[in-house]
Amino acid sequence: MKVPVEWLNEFVVIDVDIEDLAKRLTMRGLEVEGIERITPRFTGVVAAAITKIEPHPNADNLSLCSVNTGKEELTVVCGAPNVSVNAKVPLATVGAELGGGFTVGKRPVRGIESYGMLCSEKELGISDDHTGIFILPDEIAPGTLLAQSPIAHDDVLDISVPPNRGDCLSIYGIAREVASTLHQKAKLPVFTLTAGADEKVEDHAGLTIQDLAACPRYILKLIKGISIRQSPFWMRRRLTRCGMRPINNIVDVTNYVMLELGQPLHAFDFERLAESRIDVRVAGERSTFRTLDSIDRPVEPGDILICDGSGPVAIAGIMGGENSEITASTTNMALESAYFNPFSIRATARRLGIRSEASLRFEKGIDIDNVGYAADRAMFLMHELAGGAVFSGQREIFERKEPRTIYITYSNINGLLGTHISHEAVTRALRSIDLHVMKEDENGFTISIPNFRHDIGETSDVIEEISRIHGFEHIPDTSPVTVLKAQKLTIKDRSLNTVREYCLGTGFFEIINFSFFSTRDIELFRIPDDDERSRCVPIMNPISRDWGVMRTMMMPAVLKSMAYNINRGAKNLRFFEKGKVFFQDGPRNIREETLLCFALTGKEKEYSWKEKYTDYDYFDMKGIVEGLIERLGANCEFSPATEPFLDQGCSADVIIDGVRAGWTGSIRDDILKAYEIEQTIYCAELRFDIILQKGNLTLQYKPIPRFPQATRDFSFFVDDSVPIAELVKKIKDISPLIVSVGIFDMFRKEMRSVSIRVVFQSYEETLTDERVNSLQEKIIGEMTNIDGISLRA
Amino acid sequence: MDISGLREKIESEISRIANADDVKQVKVSILGRKGIFAEYLDKLKTLDKDKRRDAGKAINDIKTWADQRVGELEKQFEEIERRKRQAASRIDITMPGAAPLFGRKHPITLTLEEIIRIFSSLGFSVAEGPDIETEHYNFEALNIPSDHPARDMQDTFYINPGIVLRTHTSPVQIRTMEAQLPPVKIIAPGSVYRCDNDISHTPMFHQVEGLMVDKNVRFSDLKGILTIFIHEMFGPGTPLRFRPSYFPFTEPSAEVDIGCVICGGSGCRVCKDTGWLEILGSGMVHPQVFRNVGYDQEEITGFAFGMGVERIAMIKFGIDDIRQFYYNDVRFLSQF
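Note that the protein sequences, when read in sequence, are chains A and B. Heads up: the first sequence at position 423 corresponds to 422 in numbering that gives the first Met the number 0, and the numbers run straight through without jumps. Heads up: the second sequence at position 277 corresponds to 276 in numbering that gives the first Met the number 0, and the numbers run straight through without jumps.
Please note: incorrect hints may appear among the correct ones.
Claimed, not checked - Taking lysine-lysine and the PhoX-like style, the derived pairs with C-alpha atoms no more than 20 Å apart in a straight line are:
no.	chain 1	residue 1	chain 2	residue 2
1	A	K70	A	K105
2	B	K62	B	K26
3	B	K56	B	K23
4	B	K56	B	K44
5	A	K693	A	K748
6	A	K579	B	K271
7	A	K577	A	K621
8	B	K83	A	K577
9	B	K56	A	K484
10	A	K728	A	K621
11	B	K62	A	K491
12	B	K62	B	K74
13	A	K559	A	K579
14	A	K672	A	K621
15	B	K62	B	K44
16	A	K22	B	K271
17	A	K1	B	K62
18	B	K26	B	K104
Claimed, not checked - Cβ-Cβ distance ranges computed for the label pairs, FRET-style:
no.	chain 1	residue 1	chain 2	residue 2	range
19	A	R544	B	S265	42 to 48 Å
20	A	D157	B	D154	49 to 55 Å
21	A	T50	B	S265	48 to 54 Å
22	A	Q699	B	D66	52 to 58 Å
23	B	D146	A	K184	32 to 38 Å
24	B	V269	A	K602	38 to 44 Å
25	A	K400	B	D154	29 to 35 Å
26	A	R630	B	V269	50 to 56 Å
27	A	R40	B	G234	42 to 48 Å
28	B	E80	A	R711	35 to 41 Å
29	A	G142	B	D154	35 to 41 Å
30	B	D66	A	T765	38 to 44 Å
31	B	S265	A	G124	26 to 32 Å
32	B	E113	A	Q699	28 to 34 Å
To be verified - Here are a few chain B residues that face chain A, going by a calculated C-beta distance under 8 Å:
no.	residue
33	E77
34	H105
35	E250
Hints are computed from structural coordinates only; laboratory data are not their basis. Keep in mind it's a predicted model, so treat the numbers as computed, not measured. Each residue gets a CB set at the ideal place from its N, CA and C atoms; glycine is no exception.
Please model the complete structure; the sequences and the hints are all you need to start from.
Structure representation (structure tokens):
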């Protein structure tokens, strides 16, 4: 909310500088987000009184104005029609600057010397009005430098009002808080509303309310004989500085009083109200209603409607109707000042998509006890600005609401805050914001809550007020008094730490992608319809189609991240991502699962003077997967891949204890192409939750053998029909003394030749040559017994 | 027995030593099993007792001398050899080293780990919840009523009516309190979602929620704990302030600001000339939230806080565009 300090000054004496004021408000919970400094664009302009007006001897449309600046009497040539004797006007004296490099000089106009220039608002740069000379308010003394007056000078506070503080959506509401910080009391404007007309409102207008819960208070006032015109500068200035557009004197007054007091008002052309009556009704059926912006709005049952004798004339609290709005020819006006049910207004405003300044205030709840004062204030200003005669009295229906009371103890307060605030300080703080103590005992007190504080309903609300006024900075920092408990670290957390360490150690860059992707990714990856990954959770209101559903795979986004980097010149990448995927298991059943995703492309390094690097292949990725799963205390096997998006032949399913825990391999190049990638990507996606179930992080020491190992190397020809993993397993099974079986060479001529190193180890004795030799014979015997394996000589 | 000439014989052997190999040969020829001394010592056995002693002593004296002499030469030539080897294997030590392969954690992970480390050290345990939440856990149980502006479709991703992508990690508060009795002392890190995408918003980001509930937990405790956190996270001298604010699920509510790390508090574009940066929201748990989970709000109190991980990372590392976290550009990632 924008608050001009010049306006605020009318309610409270601001005896601190603006920065200090801003800080006080911020520390009260009314954050000042910025201070707009309004400074004049002109210099050398003073207020002057016109003492004489004579026609210009040489020009019909010019006049010669004699003006008094308090110090001297000057003659100025003027072309505007709106000057009159005794009017106060801005005089740009000789040497004055009016912005844009324009300097006022002494110069002859049609043969008569002009000692300066009388200015319009536009010429002073304070508004766009150029219809005439800017007539200054009477109270400005001749000689006043206008650059230093509020006309051109102000500070506007931009205050972020918390959503629960509707009472601060007015200058007066802010003034109440300011007054409390400055140990003052905010003052309401003093005025006397006199009825100039003989007529009484009750003789000329009717009022009924159908449902007092929807509208517990409604006041109708009348004024006749007004003339619609532009509001004076001071009012337009304040409206503009608050971010509102001036329209005409009547509409401006309704907006002005709303900004001033927080009470939204509505003005009807009284002549256009059928049967001169207002009936506040709750819509019972659907209809449409044309609002003053010429849009037909749907009305739903429950909306509050303001009706005249023939039908709706306004949607209550939201917008008036075209059929009753104030026009340039309006002479008799009816003013509405009312309190509408906040929930009802919010529902209607939300449905219609209209968030007006009025609906905003009604939604948050206004001061029901201030409805009458605001109506009087508006009538007073309208009469001032538009003339006419105010009818005496008013139509009013008012379902009075007793202020709430709350009992609170001092130990409640200091116990929750951790403070030792004295009883006196507590009640003084509350009194400063109009929360008055009604009853007191030695433990606590009962206070009454004024009706404008819709946010205070229970003791914690009151404690909040006390803490705010006491000042958070005066509440100590303490250590909680609590039972010591070791913080828990779950298996998942510990495993995740292991995963991250592993990835760090193996050179992977961790990436993070959004949890959404597109069904197009599913199509590109050729995921069949009956696969669970096709059962995506859709988002009703996605930001874009690319992020239309929750992801069921992480690889598509990882590919995009790789493409992003490849397009920017990085060819060698190692990426790792941990994240969630989401499956629509049933109509109301959504499952979340954690995946680990790896991808690598290019080679370890582009070049080195020391070593030669070769391109990554299937086995680089497989080794990463094997190592990780082993590190998490599980064992995995690999079987030919079943995934439709992988290259058959160099891809595999990852199996742990017979359960499929993921896949590894290279993505088909036609799919890569769709992601604009032209180099091979090896990757793996692992289901973390399955690895967790199968894994074991318990570390158990095994004694280091005291006896030496023995090693034997073997070379076999192995047919392609025999998987090497099977051969290795068979050798291991031959004897518990075989502790390691490794492949140290493999080449292919007519047949695969595989060289195997077997390590023998006993925990009980030094193995003799004879013993090892007999095992060696056994290995050769068993291997060559298998079809497709023969010993290489 | 004649031992005159032995010394000369030895001397002539030693004098032909010209390199390390010669040293080894001469060692054998003099001191070896079939060397000169061995020969003389054999002869000793033929002498009678008295003569044997005198001759033995004389031979030993010569042997001690020879040992020492050969030893010196051995060291001398070893040193020469070592220098030769070294000269042969000389390298340019200014050539680049072979950099090991080493991965990087994402800056969000680094920041999350740091936040978790600090609160873990203060006795908070990590709790988790689902990303796809019911409106009940995300809003109602947190005292955010159905007509609250936060529930507009503009802010919240809806899966279907009643199911949303969580807009904050606060639902974990509710889930935790429903599952256990006080005392509760948790932090809940995780991804959260809002319909926004610009230089300062991404549709997904990360938050850490904190909750402490027990008998006699005070607002001053909240101040104490968060002050420790900020001084650990941003350095012990970091200025901070607690400022009254509004959240539906806490009361009193406080926003915590730290002195702007860019300008040091004098005012700049980043802090919008205020000298302060908003870093987290906090407050005492609202009694309605306790009632919603069936806790006796007369008996217990608590505080809660929540912070945006990206925001903290941006301030800590000087990152000016939140979207950088999600491009996964290696030129960005390799800086952490």
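Cross-check of the supplied hints:
At most 20 Å may separate the alpha-carbon atoms for a hinted pair to count; K70 of chain A and K105 of chain A meet this at roughly 18 Å. Proposed proximity of K62 of chain B and K26 of chain B is supported: the alpha carbons are some 12 Å apart, at most 20 Å. Taken as a hint, the K56 of chain B and K23 of chain B pair is broken in the structure, with Cα atoms around 26 Å apart against an allowance of 20 Å. Note on K56 of chain B and K44 of chain B: the hinted pairing holds, with a Cα-Cα distance of about 13 Å set against a maximum of 20 Å.
Between K693 of chain A and K748 of chain A the CA atoms are separated by roughly 41 Å; this puts the pair beyond 20 Å, and the hint is violated. In summary, the hint linking K579 of chain A to K271 of chain B is not supported, as the alpha carbons are separated by about 36 Å, beyond the 20 Å threshold. Only pairs whose Cα atoms come within 20 Å are accepted, and K577 of chain A paired with K621 of chain A is accepted, the gap being roughly 18 Å. A hinted pair counts as satisfied when its Cα atoms are at most 20 Å apart, and K83 of chain B with K577 of chain A does not qualify at roughly 55 Å.
Distance check on the hinted pair: K56 of chain B and K484 of chain A sit about 82 Å apart at the alpha-carbon level, beyond 20 Å; violated. At roughly 18 Å between alpha-carbon atoms, K728 of chain A and K621 of chain A fall within 20 Å of each other, so this suggested pair holds. The suggested pairing of K62 of chain B with K491 of chain A is violated, with an alpha-carbon distance near 74 Å, which exceeds 20 Å. Straight-line distance between C-alpha atoms of K62 of chain B and K74 of chain B comes to about 18 Å, which keeps the hinted pair within the 20 Å bound.
Only pairs whose Cα atoms come within 20 Å are accepted, and K559 of chain A paired with K579 of chain A is accepted, the gap being roughly 17 Å. Between K672 of chain A and K621 of chain A the CA atoms are separated by roughly 23 Å; this puts the pair beyond 20 Å, and the hint is violated. Using a Cα cut-off of 20 Å, the hinted pair K62 of chain B and K44 of chain B holds, with the two alpha carbons roughly 17 Å apart. In summary, the hint linking K22 of chain A to K271 of chain B is supported, as the alpha carbons are separated by about 14 Å, within the 20 Å threshold.
Only pairs whose Cα atoms come within 20 Å are accepted, and K1 of chain A paired with K62 of chain B is rejected, the gap being roughly 109 Å. Restraint check for K26 of chain B and K104 of chain B: not satisfied, since their Cα atoms lie roughly 62 Å apart, outside the 20 Å limit. For R544 of chain A and S265 of chain B, the Cβ-Cβ distance of about 46 Å falls inside the hinted range of 42 to 48 Å, so the restraint holds. Distance hint check for D157 of chain A and D154 of chain B: the Cβ-Cβ separation is about 22 Å, which falls outside the suggested range of 49 to 55 Å.
A hinted range of 48 to 54 Å for the beta carbons of T50 of chain A and S265 of chain B is consistent with their spacing of about 52 Å. For the hinted restraint 52 to 58 Å between Q699 of chain A and D66 of chain B, the CB-CB distance of approximately 55 Å keeps it satisfied. At about 35 Å, the beta-carbon gap between D146 of chain B and K184 of chain A stays in the expected band of 32 to 38 Å. Judged by the Cβ atoms, the range 38 to 44 Å given for V269 of chain B and K602 of chain A holds: they are separated by roughly 41 Å.
For K400 of chain A and D154 of chain B, the Cβ-Cβ distance of about 33 Å falls inside the hinted range of 29 to 35 Å, so the restraint holds. Distance hint for R630 of chain A and V269 of chain B: a CB-CB separation of about 42 Å, inconsistent with the stated range 50 to 56 Å. A hinted range of 42 to 48 Å holds for the C-beta pair R40 of chain A and G234 of chain B, which are about 45 Å apart. For the hinted restraint 35 to 41 Å between E80 of chain B and R711 of chain A, the CB-CB distance of approximately 38 Å keeps it satisfied.
At roughly 55 Å, the beta carbons of G142 of chain A and D154 of chain B sit outside the given window of 35 to 41 Å. Between D66 of chain B and T765 of chain A the C-beta distance comes to about 39 Å, which sits within the given range of 38 to 44 Å. For the pair S265 of chain B and G124 of chain A, the supplied restraint of 26 to 32 Å holds, since their beta-carbon distance comes to about 31 Å. Our hint of 28 to 34 Å for E113 of chain B and Q699 of chain A holds, since their Cβ atoms are close to 32 Å apart.
At its closest, the beta carbon of E77 of chain B sits 31 Å from a beta carbon of chain A; the interface hint therefore is violated under the 8 Å criterion. Satisfaction of the interface hint for H105 of chain B is found here, the shortest Cβ-Cβ separation to chain A being roughly 4 Å, below the 8 Å cut-off. The interface hint given for E250 of chain B is met, as the beta carbon of that residue sits about 5 Å from the closest beta carbon of chain A, less than 8 Å.
Checked against the numbered hints given earlier, this structure breaks hints 3, 5, 6, 8, 9, 11, 14, 17, 18, 20, 26, 29 and 33; the rest are met.
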